[in-house]
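Go by the hints and put chain B onto chain A.
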Amino acid sequence: MKFALKFVAATVAIVCATSAMAQKGETVKMVRIDPLTGLLGPVGVSQLKGYQFFAEKFSGAGNPAGVKFEVTGIDNKLSPTESLNALKAAIDQGARYIIQGNGSSVALALTDAVTKYNERNPGKEVIYLNDAAVDPDLTNSKCSYWHFRFDADTSMKMEAMSSFMETQKDIKNVYILGQNYSHGVQVAKYAKETLARKRPDIKIVGEDLHPLAQVRDFAPYIAKIKASGADTVITGNWGSDLSLLIKAANENGYTGKFFTYYAGVTGTPTALGTNGAGRVYQVAYNHYNMGGQMDKWMKEFHDKYKDDFYTGATIRIFQTLGAAMAKAKSTDPVKVAAALEGIKVNSFNGEVEMRKADHQLQQPLYITVWQKADKKYPYSPEGTGMTLAPVMEYANYVSSTPTSCQMKRPS
Amino acid sequence: MEFFIISMLNGLSYGLLLFMLSSGLTLIFSMMGVLNFAHASFYMLGAYVGYSVAQAVGFWPALVIAPLVVGALGALFERISLRKVHKYGHVAELLITFGLSYVILDLIQLIWGRIALEFRPPEILQGPALTLINNSVKGLSVLWGAAPAELCSSADAAVRVVCSPFPATRGFMMLVALVMLMAVWLLLTRTRVGLVIQSALTHPEAVESLGHNVPRIFMLVFGAGCALAGLAGVIGGSTFLTEPAMAATLGPVIFVVVVVGGMGSLSGAFLASVLIGVIQTFAVAFDYSVASMAHQMGVPLSDAALNNSFVKLTLSQIAPILPYLFLVLILIFRPKGLLGTREG
Chain A
-8 MKFALKFVAA
2 TVAIVCATSA
12 MAQKGETVKM
22 VRIDPLTGLL
32 GPVGVSQLKG
42 YQFFAEKFSG
52 AGNPAGVKFE
62 VTGIDNKLSP
72 TESLNALKAA
82 IDQGARYIIQ
92 GNGSSVALAL
102 TDAVTKYNER
112 NPGKEVIYLN
122 DAAVDPDLTN
132 SKCSYWHFRF
142 DADTSMKMEA
152 MSSFMETQKD
162 IKNVYILGQN
172 YSHGVQVAKY
182 AKETLARKRP
192 DIKIVGEDLH
202 PLAQVRDFAP
212 YIAKIKASGA
222 DTVITGNWGS
232 DLSLLIKAAN
242 ENGYTGKFFT
252 YYAGVTGTPT
262 ALGTNGAGRV
272 YQVAYNHYNM
282 GGQMDKWMKE
292 FHDKYKDDFY
302 TGATIRIFQT
312 LGAAMAKAKS
322 TDPVKVAAAL
332 EGIKVNSFNG
342 EVEMRKADHQ
352 LQQPLYITVW
362 QKADKKYPYS
372 PEGTGMTLAP
382 VMEYANYVSS
392 TPTSCQMKRP
402 S
Chain B
11 MEFFIISMLN
21 GLSYGLLLFM
31 LSSGLTLIFS
41 MMGVLNFAHA
51 SFYMLGAYVG
61 YSVAQAVGFW
71 PALVIAPLVV
81 GALGALFERI
91 SLRKVHKYGH
101 VAELLITFGL
111 SYVILDLIQL
121 IWGRIALEFR
131 PPEILQGPAL
141 TLINNSVKGL
151 SVLWGAAPAE
161 LCSSADAAVR
171 VVCSPFPATR
181 GFMMLVALVM
191 LMAVWLLLTR
201 TRVGLVIQSA
211 LTHPEAVESL
221 GHNVPRIFML
231 VFGAGCALAG
241 LAGVIGGSTF
251 LTEPAMAATL
261 GPVIFVVVVV
271 GGMGSLSGAF
281 LASVLIGVIQ
291 TFAVAFDYSV
301 ASMAHQMGVP
311 LSDAALNNSF
321 VKLTLSQIAP
331 ILPYLFLVLI
341 LIFRPKGLLG
351 TREG
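Protein chains in written order, with this note's numbering: chain A, -8 to 402; chain B, 11 to 354.
For the record, the hints were derived by calculation from the structure and aren't laboratory data. You can trust all of the hints, since none of them are fake.
Straight-line C-alpha distance at most 30 angstroms; calculated DSS-like pairs for lysine-lysine:
1) 180(A) - 322(B)
2) 97(B) - 346(B)
3) 322(B) - 133(A)
4) 335(A) - 40(A)
Chain A with its partners taken away, still in its complex shape (with noise of 0.2 angstroms):
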């Protein structure tokens, strides 16, 4: 008797713990599409190394949902169209965790067709995770039940730059070159707005686009700014269209400040060189310094793949989905959905919430400036002897914007 009460309750147990844990031991299948060729091929390829690195940290016992996580790539060659037959074979294949980030043209172009695809096939829906578009529209007018963004959009990358060049002085005439898209027009947008607001002062002398990862050569861009007299320059600008911009303002002898989203990504760092020093500056919501664990990370990933990691955005979609898929008790996308909906995680650096209101994730801010490595911030990128130092952290509370976003959740 005793032994059967026994038995049953720990049959029971047993039971309880499985079905709790019914997603333990799941695999979960993501795509990441992005550019894998191309001039903006580098960053798409580091990155997908990124997301197979950390895929392998967080499966299993590292997250809390005991889950393995599987990465593959999908080349998209930075267009929406071919995106969008990347976003139909990932389906095929059965991935329901897309990954996108380069490009918010493409973004919004996935986000549209997630949506619609999830209208359609409900039971197979898919969940789309932005780690780097951060045109402000994809969590405002166009935002989507399954969409959700790592990265910190433009509207609050722009409150915190204009709240440190704020406090720069020096800074007297302003120049905005962009790429021609979404995110570059939302760049010079939001600078204008944001300067207006706090820094009147500031003369916006010069504003320009140029077509995305097209021009090969910036020496006219350059001569142009040097003209028009700016003493700072703020870019949107990314990959190749930021290195090639900067190697053309060393050539030709540009020595103004630059303001800039991504000097941390693939191919920038060697074209600063030691020029760059004290004069470039990043805002983004990490940086190589981090401390830490995330060391630890990078030096490993760099013995491994020879390369740097940069885009903190994948540590923390392992972490939320691991956390949420242990909160859904399931890998199913409308459980997981919801369950990511306000949810908060300790990252490696404090706690990030993704906001219920438009599934932007809410996040602390850096502002960098590249400088020679020393000891108190020694991760150099790409050999340069050169680093990007934090100047000012701005805490969730100050980037964050208020949003117009009316979320449509599935009934």
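Below, chain B without anything else, positioned relative to chain A:
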């Protein structure tokens, strides 16, 4: 003023790079009547071969070896495939070079990978060739090489000093293009070989009956054209970027150059490439739009019109498409090109 000079130099150097490419294309076209669609691919091949050779033995040997390799490959292609389809007419020739451009693109991606290579110019070309110093008191002066820091800054805040260095890679690009122009021109007009080539174009039978091997002449001309593209590739690849899309971005522009300059005209190609280089560079500098022009002429526009994206479009934004606009205009108003002699 220094803005004008620097922009002019930028425009000229870009234009001369275009000329290096289009000269080979126009040479092949005028001699053989073949419109070589794969020409920009040979340019890219030159950059990649140059990169590999430079890794092994240095930049200067690469500058000689890479064009020779590319030229030999071009001649080989002419010998084993282009010559075979010659008898089927121009369409077949066009299609085979079109196919070749895809083959080269994929081969390059297989061998060298899909992402950009770091093809560094040699140490001597990395600094500035000359520096323009604009001192608000002393005026404009030119200095060869890099300017010392004390010349570029002033202790007196009232004196504004701007230094504009002009990169040596670009200066070198201009130099090579000019030397090449002279060499090709002298070869074609002043030597026996040039005479034979020119006569083989118009009177192949007569030249053949005089004992010259006309197919071999064609093969050599094709090879030489490709070698010129290869030379441009080594210089262009090290100055800008060596990556698989470099052919696709320059390809259309060099066709614009040969059409605008006049099919088969070397001097026309020179004029057109310099013109397009300068126009494209200067267009970037101007922020004129329909809206600003209307404003200057005192024509009031409604708010709706001012917010129209076409009205707001500035010249600098459309700079990249200007060459194609130019192409369409030339085809409408002067189909034979600026200096072309050929009709239709």
